[in-house]
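Given these sequences and hints, build the entire structure.
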Amino acid sequence: MATRFRLAAFGHTMEVGRVVEWKVSEGDEIKEGDEILSVETDKAVVDVESPLGGVILKIVGQADQELPVGATLAWIGDAGEEVPDEPEEPVAAAPADSPPKERVTPVARRLADRNGIDADALEGTGPGGRVTKEDVQNAIESGTAPKKEDEVPEGVEVIPLAGIRKVAAERLSANWAQAPQVTEGIEVDFSACLAARQDKRDSWKKEFGVEPTINDIILLATARALKDNPALNVALVDSAIHQFAHINLNVAVDTEEGLTVPVVKGAGDAGLGDIAKAVAELAEKARNRRLSPDDLEGGTFTVTNLGGMGVDWFTPVLNPPQAAILGVGRVRRAPVVEGDDVVVRDRVTFVLSFDHRVVDGAPCARFLSRLKELIEDPSSWL
Amino acid sequence: MALTEELAKKMYTDMWRIRMFEEEANRQLGLGNVVGALHLYCGEEAVAVGVCSNLRDDDYIVGTHRSHGHCLAKGADMEHTMAELFGKADGTCSGKGGSMHVADLSLNILGANGIVAGGLGPGTGTALASKIRKSDQVSVCFFGDGAAARGTFHEAITMGALWNLPVVYVCENNGFQQWVRRETVAVVDSVATMAGSYGIPGVSVDGQNVVEVHEAVSEAVDRARRGEGPSLIEARTYRYFGHSPGDLEEYRTRDEVEDWRTNRDPINTFRAYMEERQWLTEREDEEIQEATSAEVTKAVKFAEDSAVPGIEEALTDVVDTAWRVEA
Amino acid sequence: MSTITFRDALHSAIHEEMARDDSVFVIGEDVIAQGGPYTVTEGVVDKYPDRIFQTPIAEAGIVGLGVGAALAGMRPVVEIMYLDFITCAMDEVVNQAAKMRYMTGGQASVPIVIRLPCGLGRYVAAQHSQIMESWFMHVPGLQVVVPSTPKDAKGLLKTAVRSPDPVMFMEYKRIYTSEGEVPDEEFLIPFGEAEVKREGEDATVIGIGPMVGKSLEAGVLLEDDGFDIEVVDPRTLSPLDTDTICESVRKTGRAVVCEEDSSFAGTGAEIAAMIAESCFKDLQAPVIRVGMPHVPMPFAPSLADSVVPRVDDVVDAVRRVIA
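Protein chains in written order, with this note's numbering: chain A, 1 to 382; chain B, 1001 to 1327; chain C, 2001 to 2323.
A couple of the hints might just be wrong.
Stated by the list, open to error - With a straight-line Cα cutoff of 30 Å, these simulated DSBU-like cross-link-like pairs (lysine-lysine) come out: (1) Lys2251/C with Lys1134/B; (2) Lys372/A with Lys205/A; (3) Lys200/A with Lys265/A; (4) Lys147/A with Lys2251/C; (5) Lys1131/B with Lys2047/C; (6) Lys227/A with Lys200/A.
To be verified - If you want the footprint, here are the derived chain B segments under chain C, 3+ residues with CB under 8 Å: (7) 1093-1103; (8) 1110-1123; (9) 1155-1163; (10) 1312-1324.
Calculated from the structure, these hints are not laboratory results. All residues carry an ideal CB built from backbone N, CA and C; glycine is no exception.
Printed below as a string of structure tokens:
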């Protein structure tokens, strides 16, 4: 019977051996103990004796081939015998259900993307030539990483999303995804307020030390309207509605670094002077980047005004966890039908966005109506 | 080392120092000042003194569980040794070793050893160190006859003999292996005969006769120092106390103990030897005993006055935590 | 840097230390013949014939002599041919070497290194394949060192030789022939300093010895799952660098401890318990251990290969700890 002759371990640590030369050829007759080949181990060249006599039927392990211990070197048997046609070692089949794999591992791509590197252009050293995290790291360390910018179309500058912009982006996305936002708008006649401001400008300036702006007047009216409609002065925190006793207004301020929204505290009980002074102070701090965390915390409702930039109206996005935000457009001269006449009046559009999980449309509508009333007849409060 | 009158007086004094130290230690055990196992050396003084009277300060000794005598004979300070038995901070081992681990590395006393035959390997190892360093230091391994039954006895002496190491194996054969008589558990009577298995000299001497011990060891130490290899010396001896506290001593009679104490006491035997040579007057004998008694009293006072170790000491000396290497 | 084998790294460490310090010597079975079964002590006899001792087969005696020589100021490097045989010398390791400093109140120093070829190598069954790290870890006074790469093998062995206290130096037979980069210049690796061998963010895999390499391989495979693992190699088990392990676990929130030895009452058990005590609030899943089942090493290659943890076992464990 043909016998398989395997590579044995010639030392404590031998795992592979290299066939140096065969001293016999296929068909040769050998005796047990004949030196039939030499094998190089990690230590030395060993002459290997045949463990049995017979005829070399087939030489499997060829000269210069490196073989693992246990690999077949040759078949020995009787002359003319057939060598069984069986594979060297059963090869483990790849699991049938394993999905085809990407050439770049997801982890490697994550790292490459974070560093603006084109992982597809890297050479892979992982299983099956795949690009691994280590390949990306090595490319970064050696400074040979191909930049992803290479693929960007001409004329496009890629600016990484970072800092305040990144935080804002993440918060806005989360907010947009979570809160069902509804928007209501109302157009208001601002003429009375303007007239009052014209009348009292000098005395206000004397009394308050600052000259109240149109926005200050709107903030005061908003605070009064909120006081009458506390359903909007709420926040949704951890599945609970927080109803605020006080009214703290976030006021959007545009700075070089982007939008910031400091808080005018206690607006519900404030007079025009208090608000004007607080806003002037906060705006000054914001411009000088001196706002403290305390200036930015504790708001219950937000007012954002783009009127100064000529915008007629817009839909503001919620400032979570607050339930509502008021967007203010510019004061503009517009024709208005009064009775049967067309007259020119000063008009402003207010747009309110609110979180419908917390507050319904009707209270919001009541708030806007009350705001309209207050703005159109300021005699009681201005 | 030649036995001169001066050396003899020192040896006689050392035998009393051991005797009185051990009797006092036993008394302190009764008083509750010493706790734990206490293996007393009374009756065997001639062996420790006969051996150590041949050694230099830089020679090594390793001991057994019954080793106070070895330490004192090699020069250990009585005050610190007593303080160690008391478990005090000033003990030779800062109170962390106790009776079974007294040691003074500054005198190359590598310590008592609580494992029977535990010292044979390390003792032989110190001799290997001397050989590598080409110093002429000699090592002595003390062990009991019970140790000869252990494999480490065989392994250590095999290598000591194989490499001609400067070591003297001293077997204190007191006839008992804890609570059994040697003849009930041993096959050969004399441990000295086992030396033949290793191709080294083996002699058996009267362990109650300090002169005989001294002379046999003198020859063995000289041989070792000359680089001619190890020797095995068996000293036939007897312990007056039980193995340790709690020994009911059912394996022997009071008469047997009394017979050894009266007729074969090593101190009496040596006194007679010295008187015969007019090396010791009655007056000198009294002075030696008085001085030794005073030394023991002082040692007890020192031990009593020494502080108990701070409890934080329980957590130190596991490894040298101050040692560091830089990457 | 040169790329050399684990075995050659140990070989050069011994030669360098013997050249540096005359008190270093080698003792063990067959350490002259063939330079030891693993040729780690090859050539020592030619350079330092007075500092290498080829012993009879007497492990208790070998370690015992080593302890004595160390007490006398020498620095023995003891080879125990197979770790399994150290059980014959446990008195010398546990009662003599480990306790000597403590019992003498700090007087004694026992700077002995005991090299312990261990784990599954060629298939030589239960009495020639054991690991026992956790036995040694449990003995105060012993330092337990487990290199996983040629660099660590060299740096840690050089440090071990210089240590004033006993070192149980684990040499996994299966990685003697593994290759790695080793600095050409002199270097030491301090004890008690783990190394993060791969940085990652999704789970911490603590690998012992050869499990470090397997964990790194698993790390590549797990990238396909989108999992980026961190691999921490403690390098010394006693002292154990708990800070580095905890820092990693706090970052990833998940831990898998991998060893080749039996998990039961083992090294991984100690590390898992330490993590649970120190980082419980940071953990998002229970710690998982990967190790050999609680059986002696079988002989048949098919059986032996089935019980020693593989790369797949690490991959599975990480998937479970993240799932």
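We went through each hint and held it up to the structure:
Taking the CA atoms of Lys2251/C and Lys1134/B, the gap is near 57 Å; set against the 30 Å cutoff, the hint is violated. Pair hint Lys372/A plus Lys205/A holds up; C-alpha atoms about 26 Å apart against a cutoff of 30 Å. For the hint pairing Lys200/A with Lys265/A, the CA-to-CA distance comes to about 25 Å; that is within 30 Å, so the pair holds. Annotation: proposed proximity of Lys147/A to Lys2251/C holds, straight-line Cα distance about 29 Å (limit 30 Å).
Distance check on the hinted pair: Lys1131/B and Lys2047/C sit about 18 Å apart at the alpha-carbon level, within 30 Å; holds. Restraint check for Lys227/A and Lys200/A: the C-alpha separation of about 25 Å stays at or below 30 Å, so the hint holds. Counting residues of the segment 1093-1103 of chain B whose beta-carbon sits less than 8 Å from any beta-carbon of chain C gives 7, enough to reach three: the coverage restraint holds. With 10 residues having a Cβ less than 8 Å from any Cβ of chain C, the segment 1110-1123 of chain B passes the three-residue criterion, so the hint holds.
For a cut-off of 8 Å, the count of residues in the segment 1155-1163 of chain B with a CB near a CB of chain C stands at 6, and the three-residue condition holds. Note: the segment 1312-1324 of chain B has 7 residues with beta-carbon separation from chain C under 8 Å; the three-residue rule is met and the coverage holds.
Comparing the model with each earlier hint shows a violation of hint 1 alone; every other hint is respected.
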